[in-house]
Structures are given as structure tokens and as C-alpha cells.
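Put the complex together from the two separate chains, hints included.
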Amino acid sequence: QKEVEQNSGPLSVPEGAIASLNCTYSDRGSQSFFWYRQYSGKSPELIMFIYSNGDKEDGRFTAQLNKASQYVSLLIRDSQPSDSATYLCAVNKRGFKTIFGAGTRLFVKA
Amino acid sequence: EAQVTQNPRYLITVTGKKLTVTCSQNMNHEYMSWYRQDPGLGLRQIYYSMNVEVTDKGDVPEGYKVSRKEKRNFPLILESPSPNQTSLYFCASSLSGGQPQHFGDGTRLSIL
Chain H
1 QKEVEQNSGP LSVPEGAIAS LNCTYSDRGS QSFFWYRQYS GKSPELIMFI YSNGDKEDGR
61 FTAQLNKASQ YVSLLIRDSQ PSDSATYLCA VNKRGFKTIF GAGTRLFVKA
Chain L
1 EAQVTQNPRY LITVTGKKLT VTCSQNMNHE YMSWYRQDPG LGLRQIYYSM NVEVTDKGDV
61 PEGYKVSRKE KRNFPLILES PSPNQTSLYF CASSLSGGQP QHFGDGTRLS IL
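For the protein sequence lines, the chains are H and L, in the order given.
The first sequence begins at 1 in this note's numbering and counts up one residue at a time.
The second sequence begins at 1 in this note's numbering and counts up one residue at a time.
In case anyone wonders, no lab produced these hints; they're calculated from the structure.
Remember, it's a predicted structure, so these values are computed and weren't measured experimentally.
The reader is advised that the hints may include incorrect statements.
Said to hold, decoys possible - List of simulated lysine-lysine pairs, DSSO-like, C-alpha gap at most 27 Å:
1. K71(L) / K97(H)
2. K93(H) / K65(L)
3. K65(L) / K42(H)
4. K2(H) / K71(L)
5. K65(L) / K56(H)
6. K97(H) / K57(L)
7. K109(H) / K57(L)
8. K93(H) / K71(L)
9. K97(H) / K69(L)
10. K93(H) / K67(H)
11. K93(H) / K57(L)
12. K56(H) / K2(H)
13. K69(L) / K93(H)
Isolated chain L (complex conformation) (with noise of 0.2 Å):
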């Protein structure tokens, strides 16, 4: 079956402690993202990936890091969480940019 899975689904944590979110793909996609949702600010890139290796800052790229060692996976690395970084964030995946894309089920994070 095609889908993009993150884990985990559900994380609470507390400042400063370094936390990964994992997503991989099983449809070769090239084009990978990170979203995450706030009530009333619709869905906004944090980074996206156009392929291995390549990578490029979306909107609120502020506390995050990526990497895309291989083109299946893409974590998404905070390294000293904050507060303001609680929030519901999705991985999603297409065949390449400007495609539609696939949405991980998303990961809802509670940074204390």
C-alpha cells in the first residue's frame, strides 16, 4: 500500500530536549515536506527536499533542521524545542515538485 508514515503520532516533551520525528515514503517520490498546522494559519512549509541530498528552507524553517540522507526518509530534527514549536506537523511526499502531494496521518507535538 502507498503511504507516507510518521512516527510517532503523539509526542509530549519539554524544552530543550532534542526530539526527531521520522518519515519515509514507499512510493520513490523525489519531492518530500514538512508542514506544520496552527488553528487559523493553515498548513505552512517548514522545509522541503527535491531530492537526496537536496534540501531547501520553506516558510517557518526557524528551530528546525533536516536531512535527506536517502530518498525514502526524511526526519525532521529539533534540537532545542521551544513552546512556540508545539503544533501539528505532517510529513507529505510526490513524485516530484509541483505534483500533488501525499499526506502522512501527522504528528501531534506538545513541547512543556
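If we strip away everything but chain H, and leave its shape as in the complex, we get (with noise of 0.2 Å):
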């Protein structure tokens, strides 16, 4: 098992819907949960951070975290073309280690 689990997609959503991404990690120790999407040829930026359980908003992004079923997910509203990229969910391990999510890339279609 991974440590860090993502659907690899590609997730198509039509351009105005909501896509979902999600990621389930194994380390119940683990503290911090992070999104980051990455452009192809670009390096990863971040979307969002999440330490608590529940849902953090952001504009059109909304994280939510369940730690007793150890997933985190990412929701995107009013998804634009320009959310097309590659979704990464990493999750740090008590301060040290980051593991990284192998991505889920999303396709908005116009």
C-alpha cells in the first residue's frame, strides 16, 4: 500500500462543475495536509494547507480533512480551463518527512 494514495485520472469535468480529488494516506501520525497543482513543465505551486479536521475554503477551493478515515480531498467550484493541471496531495509526517501523492491530472473542458 502507498502512503499516500491519489486516483491517477485523468478526472474530465465540463468548464462551470465542481471536481473532486481525492487522497487517502496511511500514517495516522501524519499532521499536515497540503494541495499543490502543477502546470506541465512547471514546478508544483500551492493551492491549499489543512491541519484540523473539517473543511478549509479558499476562493473556489475547498479542502476537506477526515482523519479517523485518513483522507483528504480537494474540491474545486466553477471549475475554468485554467484549472487543468496535475493535483498533488502531499501529507507531512510529524515536521519531518513530506510524502507526496503520485497526482490526479484534471481536464476542464470549454
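Pasting the structure below:
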């Protein structure tokens, strides 16, 4: 079992729809959770981070964390073609190692 | 401008020829890290550093060395590169472990 798992996709949604990206992790001691966006040929850029159970909203993005079920998700509302990218879930273990999932490719169709 | 700077951006070299990829950050961050990215495997952590003179292995440290003599610099050393180290490498930094990371632009290494 991988430490951080994501559906590789591709996930295809129409413009204006909600895109839902999911991530599960194996280490119950994990404390910090991140979503990064990576465009082809570019470096990852931070979209959201979340430390506590529940929802955290920032503009069109909502991160959801459920530590009991060991999953973290990212919702993108009103998806735009410019949101088409690979989304990387990352989990930090007690401030030390950071483990990334393999990423989910998202396509938003105009 | 806050940034993480890696050099070189591209390098083609041959097996066994020692090389160093430099990484520097201007944000006074304590935590720095090196990752490699390969198709289908995502980002895998090579080494990380919690502070000056404090480094530890990530998930794929074999064949790499690092040092952290100054807070701003975290070079990645390949003493005897091999073709399986051909990859895209990213340096990243954050205020402390567990905080969001800022990434450099990446270094594409090809080892023939």
C-alpha cells in the first residue's frame, strides 16, 4: 500500500462544474496536509493546506480533512479551463518527511 | 522577491562524473528539501533538512549526498551519477517542517 494514494485520472469535468479530487494516506500520525497544482513543465505551487478536521475554504477551493478515515479531498467550484493541471496531494509526518501522491490529472472542458 | 533558486536548470552529463545541483532560498526558511519527479511516480523526497547541520534521509536517498552549512543553501551532490538518476529534480523550502513548501523551477538531469 502506498503511503499517499490518489486516483491518477484523468478526471474530466465541464467548465463551471465542481471537480472533486481525493487522497488517502496510511500514517495516522500525519499532521499536515497540502494540495499543490502543477502545470506541465512547471514546478508545484501551493493551492491549499489544512491541519485540522473539517473544511477549509479559499475562494473556489475547499479542502476537506477526515483524520478518522484518513482522507483529504479538494473541491474546485466553478471549474475553469485554466484549472487543467495535475493536482498533488502531500502529507507531512510530524514535521519531518513529506510524502506526495502520484497526482491526479484534471481536464476542464470549455 | 521570495524565491528558491536552483542551478543548473538543465544538465546532460555522463556516468560517474561528479555533479552538484545548487539550491538557495532568500526567505530565511529553516526546512529545505530535495525531490525527484519521475513519470507515474510523483514527487519522491530524497533528503530534507530541518536546520543548519541537520539533515535526514527521505524515501530515495541512495546515490545522493547533501549538506547544510548555511541556512540559505542546500546543495544536492551526485558523487557517481548513474543513468537511473536521470530525472527532474526540485528543491523546496518552508518556514519549518509541516509548513507549505515553496519550490524552485526544477533541474532536468540527463545522465548518459
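For each hint, the structure was consulted:
| no. | hint | in the structure |
| --- | --- | --- |
| 1 | K71(L) / K97(H) | 19 Å, holds |
| 2 | K93(H) / K65(L) | 22 Å, holds |
| 3 | K65(L) / K42(H) | 25 Å, holds |
| 4 | K2(H) / K71(L) | 32 Å, violated |
| 5 | K65(L) / K56(H) | 38 Å, violated |
| 6 | K97(H) / K57(L) | 8 Å, holds |
| 7 | K109(H) / K57(L) | 41 Å, violated |
| 8 | K93(H) / K71(L) | 22 Å, holds |
| 9 | K97(H) / K69(L) | 20 Å, holds |
| 10 | K93(H) / K67(H) | 13 Å, holds |
| 11 | K93(H) / K57(L) | 13 Å, holds |
| 12 | K56(H) / K2(H) | 26 Å, holds |
| 13 | K69(L) / K93(H) | 25 Å, holds |
Going through the hint list in order, the structure does not satisfy hints 4, 5, 7.
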